[in-house]
Amino acid sequence: MNSRIQSPLLFGFVLLAAWQALVMVAKVPEYLLPAPSVILANIDRTLFVQLGVTFAEALAGFLIASVLAFVSAILFVRFHALEEGLFPIAIAVKTTPIVAVAPLLVIWLGTGWWSKIVAVVLISFFPVLVNAVKGLKAADAEYRELFQTLGATRAQEFRKLRIPYCLPYLFSALKISSSLAVVGAIVGEFVGATQGLGYLIIVSSAHLETATLFAAIGAAAFAGIAMFYAIGWTERRLVFWQSREGE
Amino acid sequence: MPSAPTRLLQVDPLITIANLQVHFGDVVAIEDLSFVVQRGEFISLLGPSGCGKSTLLRAVARLVPSANGCITLHDSGLRVGFMFQKPLLLPWRTALNNVLLPVEIQLGGSVVSSTDELRARQMLDMVQLGDFVDAYPQQLSGGMQQRVALARALMGDPDVLLLDEPFGALDELTREVLNEELIRIWQSRKTRLKTILMVTHSIPEAVVMSDRVIVLTSRPARLIEDVQVKCPRPRTPEDPAIISVMKDVRAMVRADR
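In the order they appear, the protein sequences are chains A and B.
The numbering of the first sequence is our numbering, which starts it at 101 and goes up by one.
The numbering of the second sequence is our numbering, which starts it at 1432 and goes up by one.
The shape of chain B in the complex, shown without the other chains:
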């Protein structure tokens, strides 16, 4: 068994968020938030529900137009994938055709090539759904639907994946399995994907999965702490070092209340 690749945290900024402010009318969703996403990092944004972390992710994806301050992508050709809490599959399309949607949109009107179709099949294979290419979303379980959504997000071959509580609507067990798969795909060399920015409100999930946990206050979102998780991978929630980081993070979140 080859050991998991060690990820050196060299200084290689990919996304810089500087003094970000987001208002919705009079409500301040994000106040003066700054941090740098390094290339190759798995970062979790941790905070209570409704604290503005999803807004932050949407601001990075340019879905929030009213963002003041600065989000800099340090690579003009940077490809960004987004995955939502809901699978958002189109019910009239098979799993395969749902995965092909990003390609169709990029192509405009022209026909999807057999190469693209082959790639879509490979993506479905990667999320363990190789036998379900022709299934319609309503024939799949919630976990499987979210796997299709992950395959669709990977189809655009993103450098960065933005995940908004990607498995938050699933049961605990399914969620754990999918988290492990996400790590596996992130570590795999088959895709360009190297950097992940994930929103979560689960402390164990954030600590077990991430290189860094950005702990945020509740509305407006401000930075409490930027926690480096230096434990070696693969990790489990039972590792003593992980448990110790979880305790620290929990203490930070509690201190905010």
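Isolated chain A (complex conformation):
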């Protein structure tokens, strides 16, 4: 194990130990700050089920958003009129906070899966769209001249030049939107749900079950980190030509 993994683990362990000691020595009431050991004891099957629900919502919304955004980006770059007309609208929609829109989604789509998935789509769509448009335009004019001299069609220019060239831009957006996807799912659950981590957080905070609350928060963080690393793993395999210095 190298020091990149070792030292954060060590420091994390020290912090947890200090937290445990503080709670035990100062006799902090459990509803204010439960000890790590108590939180650990609250990790049960229900938590994993709720985590699974939220993760599934986030993943489904994230995948839908990514595909939609990438296809839109290709259309925007291919047909300039579309970009001119729709991009400002997209930005306007993007600046509307998802928290403000979530209740409307519940009215329209009910308290089931779809209101959450749509919330996730709304929150993860725009970073991907903006970066993909940027990436599809990023190939130097000289590269496009090269393709012109080779007699390439527009479709070939996209397939063999613009889309591969866009991948590094796409992946940095996917990393951002994968974390946002979990936020979207939980916000959706806050507003109206019968399951999921957001639901668990609302219920356990209302009942002052702080240890469960902490466990749910930890699970939400885990979901975000898992998505982020899965994207990073895929990126390293797909975008192998980019140097990874400074990461």
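Read the hints as simulated data drawn from the structure, not as lab findings.
The beta carbon of each residue, even a glycine, is placed where N, CA and C say it ideally should be.
With a straight-line cut-off of 35 Å between C-alpha atoms, the simulated DSBU-like cross-links for lysine-lysine are: (1) A/275 / B/1517; (2) B/1517 / A/260; (3) A/194 / A/237; (4) A/194 / A/234; (5) A/260 / A/275; (6) B/1621 / A/260; (7) B/1517 / B/1661; (8) A/234 / B/1517; (9) B/1517 / A/237; (10) B/1517 / B/1621; (11) B/1621 / B/1661; (12) B/1625 / A/260; (13) B/1678 / B/1661; (14) B/1625 / B/1517; (15) A/237 / A/260; (16) B/1678 / B/1625; (17) A/194 / A/275; (18) B/1517 / B/1678.
Partial pick of chain B residues on the chain A-facing surface, computed with a CB cut under 10 Å: (19) 1516; (20) 1524; (21) 1567.
Dock chain B against the given chain A, drawing on the hints supplied.
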């Protein structure tokens, strides 16, 4: 050792440029330029940076749409290859797959045949990169990347090669070696390539390599002189006859300022 083939300059026009004018908005890049490229010639377009010589080359390659006047290709099936100052290799493709790019584009969707692949390997062999077929561009030096770009330009089996300061971004030594290889490939009978039109701002490079040096003024590009270099090949920059032509050309360029 067989001596280098003597190239007779018979009158066999391949490309005629007649009263060419190119504007970019109000800026005149090329003004009333005329000359004829003969089949089998190595021609250099010599002029200061930004004088419009690259624009001229792009106009011949039909990359500049706003060209007034006339560029005539005297052969409807004429195949034109273009090589840029930058290698412009696709970093996600190996050297071999970069060389195969022109074939893939011509084929549309169908699969590249093993014959094409063999030819691509031969092209890489020709530019001395036979051992680097599977290397990615970022694993190659600048000179090697430009060799891959040359192999890619040769892959389309062009009759004419248009070179826009092809080795201008490389160091002096690498550049000299690659210039010699370019001459070797041009003289070799293995390819259809017979005619080269090269943009450069180096007087020695232009004089040593070319049959004709077209000396241009700075913006807008106009013809100062069309210099025939009649020295026998192989040449070196130390040949007295070459040195004398270099002096003449230098004097022409200076007189323009």
